[in-house]
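Starting from the known structure of chain A, arrange chain B on it as the hints suggest.
Quick note, the sequences are listed as chains A and B, same order.
The numbering used here puts the first residue of the first sequence at 34, with every later residue one more than the last.
The numbering used here puts the first residue of the second sequence at 1152, with every later residue one more than the last.
These are computed hints drawn from the structure, not numbers from a lab.
Using N, Cα and C, we set each Cβ at its ideal position, and we do this for glycine too.
Residues of chain A clear of chain B, computed beta-carbon distances all greater than 12 Å:
#1 Phe-90
#2 Ser-109
#3 Phe-113
#4 Asp-188
#5 Arg-191
#6 Ala-219
#7 Glu-223
#8 Ala-224
#9 Gly-229
#10 Ile-239
Here are the computed distance ranges between Cβ atoms for each label pair:
#11 Leu-1190(B) with Ile-133(A): 39 to 45 Å
#12 Tyr-238(A) with Ala-1406(B): 37 to 43 Å
#13 Thr-276(A) with Leu-1319(B): 55 to 61 Å
#14 Asn-164(A) with Ile-1180(B): 17 to 23 Å
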Amino acid sequence: MRMGIRRRTELAPYLFLLPNLVIFTLFIVIPTLANFYLGLFRTSPSAPPQFVGLENFRYIFTVDDLFKRSLSNLASFMVFDVMAIVVLSVLIGVLLNQSIRGRGFYRSAFFFPVMLSPVVIALVWGWILNNRFGLLNAMVSRIGLDPQPWLLKPDLARFWVVAVHVWATVGFFAIIILAGLQSIPASLYEAAEVDGSTTLQNFFYITLPLLAPSIMTVSLLSMIRAFEIFDHVYILTGGGPGTATMMVIQYIYRAAFELDQQGRASAASLVLFVILLVLALVQYRIGKQKEAL
Amino acid sequence: MRRGRLNPMTLLAYAVLTAGSILMFGPVIWIGLSSFKDLAEIYQSPPTFFPKKWVFTNYTEAIRQFPFLRYLWNSVFVTVTATVLTLLINSMAAYALSKFRFPGRDAIFVLMLATLMIPVRVIMLPVYKIIAWLGLANTLAGIIVPPSATPTGVFILRQYMMTIPDELIDAAKIDGASNVQIYSRIILPLSAPALAVVTVFSVMWRWNDFMWPLIVINREKLFTLQLALARFRGELVTDWNYVLAMTMLSIVPVAVVFVFMQRYLVRGIASTGLKG
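So that you can see chain A by itself, here it is in the shape it has in the complex:
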């Protein structure tokens, strides 16, 4: 009897999985493995593939300054981006959690840029920051300061790339914080109020500790997102001025599709891949700890 039922249903789950698995294998599993192959071999249309070992890695780390530059650009972008997102998403989350009038409107406002495409965001901010026709310089002159070429000086461009990305994504993370805040029982605040706790004390002794898991999620997710940064920057500055805002994904894109240096592109991908793997492991560990608590 049991055997009969098993045999009849045996094939069904595999058939339901099949379409997804084919696409998943073809476009995620195989490419992930192929990346190693492409990074370790020299491929050309005329000659058979040749094993070159770590040659591509040696090249991107010791010969090509641009890869190191893009890594350090990415590192500094990431530090400021993640810090700003964590601080601002907590601030916005706490403010949006207050029982004030027009809360729905305010929530929508901060969520609005999350829905815009990177292209639209870069176009809009490109105009705002344009040194001759932009709104920002008009406002800056109005209050008596000197207009600046915001996207043409390396340090200013680095700042604005972070600022625009934070503007575009902070609403997304504020929602995660907001969900975390709403899971903190109100009774804790009521008890604290009985004990004469101030608003600031409430924030530091109740809200922040209980919000720690959400803040951790926000940090890790924003870090992973920062790693992937390409679209906003590519359109806003093109990686410039010079190479001041060129990040690793743009380096890979350039090597793979503009310069036809596939081995180097794959080697760079593998470096990024390893860093992401470490991040994922950290997140997994923290997840485990959370479960254990």
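Chain B alone, transformed into the frame defined by chain A:
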């Protein structure tokens, strides 16, 4: 709550939130207003905020002079087809993973979860090579198919389907329902909230996606709206009044989602913290 209780903290909250809202809406509102200015006013320094003269021909000319409708069609086609494909294959996989016991199930699920953290763009070159090998380079199918099996989508749907009681399925089986009928008549309708979350994410992501179409497509006929807009920004001499009008038109579908589907997005983000 009584309105008399306006303490300094609440006032501060209003002030910060209002300033924040202006900062969030302001830039797009300015571009929206600028899309009604004539070219001379757009290239005026210092710029104006409100149009001195409202010009509505930017929109009609943008549609007439540029193949705007073609880009729009490409974007709509990619978004709709990709979303339908994503919903279909991911819900089928989620059904198999949540309602069957079979050898290899857990291994497959763990493998999918493991790739959750790999951004597709890290493997863009090998994915493109496979696309090219299949003859899908420079086709809309090349944009649509590769990212359609989203581990996130499978995950959201599987977690939701786990909550559907097995008794319903057992009862249907006794009535002689096939697996396909169980999937289409019981599982799918009951998973509507999770399907809505996956739909909204997929629509937003596909409509807004830039990098993958940029890699796959280089024939202008196949440009999506995002590609076209990015291309126009790159060109030095451009009729910016038309580009601004097109930018605003490209936001319209997003704005519709924003107004009507926001809660699904918020629910999806709050419950999974994931995107796409």
